[in-house]
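*Asks:* Sequence:
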Amino acid sequence: MRWGLEAKNGVANKPTGNLPEGVALRDTVPFEIRGFSLPLIVFTIGVVLTSSSFAGFFLNDGGGDGAISSLGFVYGIPIFLIGLSLWYAEIPPVLVESTEAGDRAWENKKTENLQKIKNDVTRHRYGDDAHLDSTLDSLGLKLAQKKYPKMKTIIQEESDVGELIMTMVFESAETPYKVWSEPARVERYARFFGPGVEAEVLKVNAETRLVGIKLTTRPLNEEETEAIAAAKVMAEANAAAALLASTNA
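Residue 44 in our numbering sits at position 44 of the sequence shown, with consecutive numbering throughout.
Careful, some of the hints might be misleading.
[What the hints assert, rightly or not] Computed Cβ-Cβ distance ranges for the label pairs, DEER-style: (1) Ala230 / Leu143: 16 to 26 angstroms; (2) Thr225 / Glu107: 17 to 27 angstroms; (3) Ala184 / Tyr75: 48 to 58 angstroms; (4) Ala230 / Ser159: 43 to 53 angstroms.
[What the hints assert, rightly or not] With a cut-off of at most 25 angstroms between alpha-carbon atoms, the simulated SDA-like pairs for lysine to any residue come out as follows: (5) Lys110 / Glu163; (6) Lys214 / Met234; (7) Lys178 / Thr216; (8) Lys203 / Pro176; (9) Lys178 / Asp137; (10) Lys146 / Glu100; (11) Lys214 / Ala227; (12) Lys232 / Asn108; (13) Lys110 / Glu226; (14) Lys110 / Met234; (15) Lys118 / Ala229; (16) Lys232 / Glu112; (17) Lys232 / Lys150; (18) Lys147 / Asn108; (19) Lys147 / Glu112; (20) Lys116 / Leu220; (21) Lys109 / Glu97; (22) Lys146 / Glu112; (23) Lys118 / Pro78; (24) Lys146 / Thr208; (25) Lys150 / Leu210; (26) Lys146 / Glu158.
Calculated from the structure, these hints are not laboratory results. All of these numbers come straight from a predicted model, not from anything done at the bench. Where a beta carbon is used, it is the ideal one built from N, C-alpha and C, also for glycine.
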């Protein structure tokens with residue numbers, strides 16, 4: 001799914017599993033592609049079909065198998081071109097760097113929203129401008145007429161007190177570090193990627209313009225706990241209403 005889409009009231013929606021008001025169906029993901037590159041498969045099929053058609057045509061001197069060869073051209077070349085188009089639009093998964101302690105902290109301390117973010121950026125994406133592109137827009141990290149920061153890595157660590165530290169590292173070629181580190185914006189990171197996290201900004205590498213948003217988990221406060229419980233009750237009520245409506249249809 002895409003994150004941080006702007007709702008009708010102008011407030012950025014948080015990365016939840018439901019479809020909040022103002023979020024279009026096109027901005028959700030009905031399936032995920034993990035572990036392989038779709039363009040590579042499509043491109044390979046196109047090359048095989050086209051090559052076999054060429055081979056069949058020339059080996060048979062354009063003879064009896066000409067109809068079969070022509071079918072290979074008809075389907076092979078378009079599939080080949082579709083593969084190239086997908087390749088151009090593909091955003092590869094980001095790398096995840098972790099240690100044994102980081103993996104342990106992730107399993108014990110991950111929040112629902114951090115899990116969704118990780119799931120979203122560790123798969124191949126097609127047609128988006130960048131990983132978390134709508135989030136970057138909502139947080140003001142994509143400047144007008146400038147390129148999106150590119151998410152490169154997720155780093156998982158364990159804090160001294162056993163909390164999870166998840167750092168999202170971006171290559172920010174055209175968004176200055178001072179924009180990322182504005183105090184009001186850093187406060188928004190904690191609210192946006194929370195609940196249950198504290199946020200800070202790191203200058204990872206000034207020469208290569210790498211910037212990190214460091215999220216550290218913390219215990220939920222009473223207000224956050226009540227808000228999560230209320231959201232779950234609302235989701236269950238909506239699911240029950242949808243089931244009842246489908247049953248009566």
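*Asks:* Now tell me if each hint is right for this structure.
*Replies:* Going down the list of hints, with the structure as the test:
no. : hint                                : result
1   : Ala230 / Leu143: 16 to 26 angstroms : violated (36 angstroms)
2   : Thr225 / Glu107: 17 to 27 angstroms : holds (21 angstroms)
3   : Ala184 / Tyr75: 48 to 58 angstroms  : holds (55 angstroms)
4   : Ala230 / Ser159: 43 to 53 angstroms : violated (29 angstroms)
5   : Lys110 / Glu163                     : holds (9 angstroms)
6   : Lys214 / Met234                     : violated (31 angstroms)
7   : Lys178 / Thr216                     : holds (21 angstroms)
8   : Lys203 / Pro176                     : holds (11 angstroms)
9   : Lys178 / Asp137                     : holds (17 angstroms)
10  : Lys146 / Glu100                     : violated (38 angstroms)
11  : Lys214 / Ala227                     : holds (24 angstroms)
12  : Lys232 / Asn108                     : holds (21 angstroms)
13  : Lys110 / Glu226                     : holds (19 angstroms)
14  : Lys110 / Met234                     : holds (23 angstroms)
15  : Lys118 / Ala229                     : holds (23 angstroms)
16  : Lys232 / Glu112                     : holds (12 angstroms)
17  : Lys232 / Lys150                     : violated (33 angstroms)
18  : Lys147 / Asn108                     : violated (36 angstroms)
19  : Lys147 / Glu112                     : violated (29 angstroms)
20  : Lys116 / Leu220                     : holds (18 angstroms)
21  : Lys109 / Glu97                      : holds (17 angstroms)
22  : Lys146 / Glu112                     : violated (31 angstroms)
23  : Lys118 / Pro78                      : violated (34 angstroms)
24  : Lys146 / Thr208                     : holds (17 angstroms)
25  : Lys150 / Leu210                     : holds (9 angstroms)
26  : Lys146 / Glu158                     : violated (35 angstroms)
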